[in-house]
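A.B. asks: Chain residues, written in single-letter form:
Protein chains: 2
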Amino acid sequence: MIILNNAKPIDGGITAPKGFKAAAVRAGIKESAPPDKLDLALIVGDVPCTAAALFTTNKVQAAPIILSKQHAANGTARAIIVNSGNANACAPNDTANALKMAESAANALGIDTQDVIVASTGVIGQELPIAKIEAAVAGLTDSLDSKGSEAASKAIMTTDTFAKEFAFEVEIGGVPVKVGGIAKGSGMINPNMATMLAFITTDAAISAEMLDKALRVNNDFNSVCVDGDTSTNDMVCVLASGLAGNAPISTEGEDYSCFCDALSNVTLNLARAIARDGEGATKLITCNVTQASSKEAADAIAKSVVSSSLVKAAMSAADANWGRILCAVGYAAGQFTVDNVQLTVASKKGMLTVCENGKGVPFCEETASEILGEEEISILVNMNETHEGSEGAALAFGCDLTAEYVRINADYRT
Amino acid sequence: MIILNNAKPIDGGITAPKGFKAAAVRAGIKESAPPDKLDLALIVGDVPCTAAALFTTNKVQAAPIILSKQHAANGTARAIIVNSGNANACAPNDTANALKMAESAANALGIDTQDVIVASTGVIGQELPIAKIEAAVAGLTDSLDSKGSEAASKAIMTTDTFAKEFAFEVEIGGVPVKVGGIAKGSGMINPNMATMLAFITTDAAISAEMLDKALRVNNDFNSVCVDGDTSTNDMVCVLASGLAGNAPISTEGEDYSCFCDALSNVTLNLARAIARDGEGATKLITCNVTQASSKEAADAIAKSVVSSSLVKAAMSAADANWGRILCAVGYAAGQFTVDNVQLTVASKKGMLTVCENGKGVPFCEETASEILGEEEISILVNMNETHEGSEGAALAFGCDLTAEYVRINADYRT
Numbered sequence: 018m019i020i021l022n023n024a025k026p027i028d029g030g031i032t033a034p035k036g037f038k039a040a041a042v043r044a045g046i047k048e049s050a051p052p053d054k055l056d057l058a059l060i061v062g063d064v065p066c067t068a069a070a071l072f073t074t075n076k077v078q079a080a081p082i083i084l085s086k087q088h089a090a091n092g093t094a095r096a097i098i099v100n101s102g103n104a105n106a107c108a109p110n111d112t113a114n115a116l117k118m119a120e121s122a123a124n125a126l127g128i129d130t131q132d133v134i135v136a137s138t139g140v141i142g143q144e145l146p147i148a149k150i151e152a153a154v155a156g157l158t159d160s161l162d163s164k165g166s167e168a169a170s171k172a173i174m175t176t177d178t179f180a181k182e183f184a185f186e187v188e189i190g191g192v193p194v195k196v197g198g199i200a201k202g203s204g205m206i207n208p209n210m211a212t213m214l215a216f217i218t219t220d221a222a223i224s225a226e227m228l229d230k231a232l233r234v235n236n237d238f239n240s241v242c243v244d245g246d247t248s249t250n251d252m253v254c255v256l257a258s259g260l261a262g263n264a265p266i267s268t269e270g271e272d273y274s275c276f277c278d279a280l281s282n283v284t285l286n287l288a289r290a291i292a293r294d295g296e297g298a299t300k301l302i303t304c305n306v307t308q309a310s311s312k313e314a315a316d317a318i319a320k321s322v323v324s325s326s327l328v329k330a331a332m333s334a335a336d337a338n339w340g341r342i343l344c345a346v347g348y349a350a351g352q353f354t355v356d357n358v359q360l361t362v363a364s365k366k367g368m369l370t371v372c373e374n375g376k377g378v379p380f381c382e383e384t385a386s387e388i389l390g391e392e393e394i395s396i397l398v399n400m401n402e403t404h405e406g407s408e409g410a411a412l413a414f415g416c417d418l419t420a421e422y423v424r425i426n427a428d429y430r431t
Numbered sequence: 018m019i020i021l022n023n024a025k026p027i028d029g030g031i032t033a034p035k036g037f038k039a040a041a042v043r044a045g046i047k048e049s050a051p052p053d054k055l056d057l058a059l060i061v062g063d064v065p066c067t068a069a070a071l072f073t074t075n076k077v078q079a080a081p082i083i084l085s086k087q088h089a090a091n092g093t094a095r096a097i098i099v100n101s102g103n104a105n106a107c108a109p110n111d112t113a114n115a116l117k118m119a120e121s122a123a124n125a126l127g128i129d130t131q132d133v134i135v136a137s138t139g140v141i142g143q144e145l146p147i148a149k150i151e152a153a154v155a156g157l158t159d160s161l162d163s164k165g166s167e168a169a170s171k172a173i174m175t176t177d178t179f180a181k182e183f184a185f186e187v188e189i190g191g192v193p194v195k196v197g198g199i200a201k202g203s204g205m206i207n208p209n210m211a212t213m214l215a216f217i218t219t220d221a222a223i224s225a226e227m228l229d230k231a232l233r234v235n236n237d238f239n240s241v242c243v244d245g246d247t248s249t250n251d252m253v254c255v256l257a258s259g260l261a262g263n264a265p266i267s268t269e270g271e272d273y274s275c276f277c278d279a280l281s282n283v284t285l286n287l288a289r290a291i292a293r294d295g296e297g298a299t300k301l302i303t304c305n306v307t308q309a310s311s312k313e314a315a316d317a318i319a320k321s322v323v324s325s326s327l328v329k330a331a332m333s334a335a336d337a338n339w340g341r342i343l344c345a346v347g348y349a350a351g352q353f354t355v356d357n358v359q360l361t362v363a364s365k366k367g368m369l370t371v372c373e374n375g376k377g378v379p380f381c382e383e384t385a386s387e388i389l390g391e392e393e394i395s396i397l398v399n400m401n402e403t404h405e406g407s408e409g410a411a412l413a414f415g416c417d418l419t420a421e422y423v424r425i426n427a428d429y430r431t
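Protein chains in written order, with this note's numbering: chain A, 18 to 431; chain B, 18 to 431.
Quick caveat, the hints were computed from the structure, so don't treat them as lab data.
Do not rely on the hints blindly, as some may be mistaken.
No copy is singled out in the list; a pair is fine if it fits within one copy or between any two copies.
What the hints assert, rightly or not - With a cut-off of at most 30 Å between alpha-carbon atoms, the simulated DSSO-like pairs for lysine-lysine come out as follows:
hint: 1; residue 1: 164; residue 2: 47
hint: 2; residue 1: 117; residue 2: 376
hint: 3; residue 1: 312; residue 2: 25
hint: 4; residue 1: 376; residue 2: 86
hint: 5; residue 1: 47; residue 2: 376
hint: 6; residue 1: 86; residue 2: 47
hint: 7; residue 1: 230; residue 2: 54
Full structure from sequences and hints, please.
C.D. replies: In structure tokens:
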């Protein structure tokens, strides 16, 4: 876990903030799933919530994406219903079934269908077994619980190997405010402006406009790349109940910054967890770019390094093949020079500079191998184009490429 | 082999056209290479040649790239010296060693250093053993042969599993004109405007300007993607001896078109061979996009499909996971709609439409599996945005993603 600023990590995930309950059940959506696999989750606010959401930029948009965009457009929502095992994308009756999913949650909860966000993840192109979902909704609402975050975080998993759940607390004007989040990741992950599935709750009192702004600024999911494939179903959605009792946030300022501190801790840790849990991955790769000519260049370079198949394959073998890193720096978009690039590999075992001024320097291969043998490794790229601490900095998160990735994806539909 | 228009395939590769000799030797550049691995090749024109070349767009440019750009700038050249086993990129004394390589060939041949193109491929960052190359050049010039194409095509291989060599003949104004080419590919392959190593010869009489134009138009290497990594050393270079005796080509017109017919057959077949021989690949994937809104959109879509890790992994298992194909269509750059997309998989075993109007259609999985089980498969993407035969069409070549790719690249430097 990374902890930035003064945010305090707390337990409870999306049900840590005041005013939220969650639940999950097994509806049996994917028949070949293990009998205990939860596959349908519901997240509900005790009161109407302000809401903000970001959606995939893929021109193929799953039916729940299209519907949820409409439902989130007015800046309010109260419930999120989400299934795994079927993406409800490009499938027979996809539009009707997304709406039915929203209606069935709304009816069971006694709220407007317009206030229900719908999300789906799984195989593309197969008809969603909507009857199974409708039949499961009663049990779902019955089991809503103020400790239901963990169950919900498990229900949204597909090929994920662990559930991803974080919560942080900050003080806003002396009042404790909490932000919690869950996410699913693993494959088809290369969010680009929008993201994979992530659901965040907060009890902050905050306007829809500022919530939207905070989400866009702290959308660390854009810094994750597992395999370069931007999904048809990516979504991140945040609900704010306002029950913390802080003075409502409606402009930028100290309160807004405090809120962003909590939110960014949640998004950053979820993003790291998603990268670490990339399909077949054995390690988390963080690329930290500094002193680039611009923020945009830094972002492109960091993303390029963690996206390179050759870098990812080298890291799986703890091989400090810095030429591939430099190569990936070089083909990143943007105008910059590579003559002054310094490359350093780092982990808790230490750090080692392997390239200075765009050329290799002698280094001990055994030390490099020991550093890169860790489960969390960093590639530090100092572009030396501007001064230290300049805006031209960025972080990106990725994972290594292993034979297991291929095995998982060669045979995903069965 | 694909044969377009009226070009006739012939034997002889780069030494098929009149006025070219080639040779290859083992200089011992990569010590761990098998003892019989050729690693240094020379291609020489009997007479001064017009020349055109394209180079990598990576901002990290290997020393031979920088030098060869200067040497090709005046539109003439007479020799190409190329080594495998070391990229001479970002390495100690790289600039000096690239120049020494050119000088040593020039001295042995008695030509100007300015007329020598230099290319290198292999590991980045290690010093080129220039003394070994200089020592080997005498043996290289001694063994120049008008049947030397095959040896040269072998010498430029790195992780390639087969040599890539093609030649075609056309008639220009009743005169037979030949174009031959060799290429190396395999890894770090995602040419973008420039390309991997490919060397082409022709005996056509053609101006440097028209040669350059023909090369840019017929640069099919840009349609290949193995792993999305654009190398620091990509280069394609064509030399024209003018010895065929055709009326010199200095403008567009019928003669120029005939020449392009021969050239495009060479580049297309080399590009296909490079994709088929992608690291760890078991099959060639061709994506054929038609009826897109523009040529640019078609190019982006075709490249996006063959670049998708998820599509590539599915194809390795002969799995008609069309949702991933549609997803890759959807995240391609450009403005277009996906509502009318038709997806068809094809091979010599038949063809099968799996998606219509952006949604899956029922199909027989066994048939799909049989079609995709072939070594050469096609994915046909009809965007249905314009009429049949419109400009909005493109081809791209890729390969499947296998565990073997990861194995090769986890441990490439040793």
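A.B. asks: Hint by hint, say whether it matches the structure.
C.D. replies: Hints, verified against the model:
{"no.": "1", "hint": "164 with 47", "result": "within (26 Å within a copy, 61 Å between copies)"}
{"no.": "2", "hint": "117 with 376", "result": "between (59 Å within a copy, 19 Å between copies)"}
{"no.": "3", "hint": "312 with 25", "result": "within (28 Å within a copy, 53 Å between copies)"}
{"no.": "4", "hint": "376 with 86", "result": "between (48 Å within a copy, 21 Å between copies)"}
{"no.": "5", "hint": "47 with 376", "result": "between (51 Å within a copy, 20 Å between copies)"}
{"no.": "6", "hint": "86 with 47", "result": "within (26 Å within a copy, 57 Å between copies)"}
{"no.": "7", "hint": "230 with 54", "result": "neither (35 Å within a copy, 59 Å between copies)"}
Taken one by one, the earlier hints fail for this structure only at number 7.
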